[in-house]
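**Q** Make a model of the complete structure from these sequences and hints.
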Amino acid sequence: MTLGIRHEQRVWPWIVAVAMGSMVAAERVAAGRHFYTDVAVGAVAGAAVGTLVPLGHRRGGGDSALAFRF
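Following this note's numbering from start to finish, the sequence shown increments by one per residue and tops out at 67.
Please keep in mind that the hints were generated in silico from the structure rather than gathered at the bench.
Not one of these hints is a red herring.
Computed Cβ-Cβ distance ranges for the label pairs, DEER-style: (1) F32 to E5: 36 to 44 Å; (2) E5 to H31: 29 to 37 Å; (3) A23 to G53: 29 to 37 Å; (4) G29 to R55: 37 to 45 Å; (5) R7 to Y33: 28 to 36 Å; (6) S19 to R55: 24 to 32 Å; (7) I12 to V50: 19 to 27 Å; (8) A28 to G53: 28 to 36 Å; (9) V8 to A45: 16 to 24 Å; (10) A16 to L52: 17 to 25 Å.
Quick caveat: nothing in here was measured; it's all calculated off a predicted structure.
Positions of the beta carbon are idealized from the N, C-alpha and C atoms, including for glycine.
**A** Written out as structure tokens, the structure is:
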């Protein structure tokens, strides 16, 4: 998400990230280290944080700027 905001939108980083995350999740379930629900909730939480944090730091113009100001 961050790279997509800063640079051109490309599909392949998303494909790689989802594939790697899915492989790790499947391995954890197959090894008996996590339940399916753990993996599903973790995926939703990770996707939410991975989307909302970069959006919160995005800089726009005018009043529509989402960048946090301290």
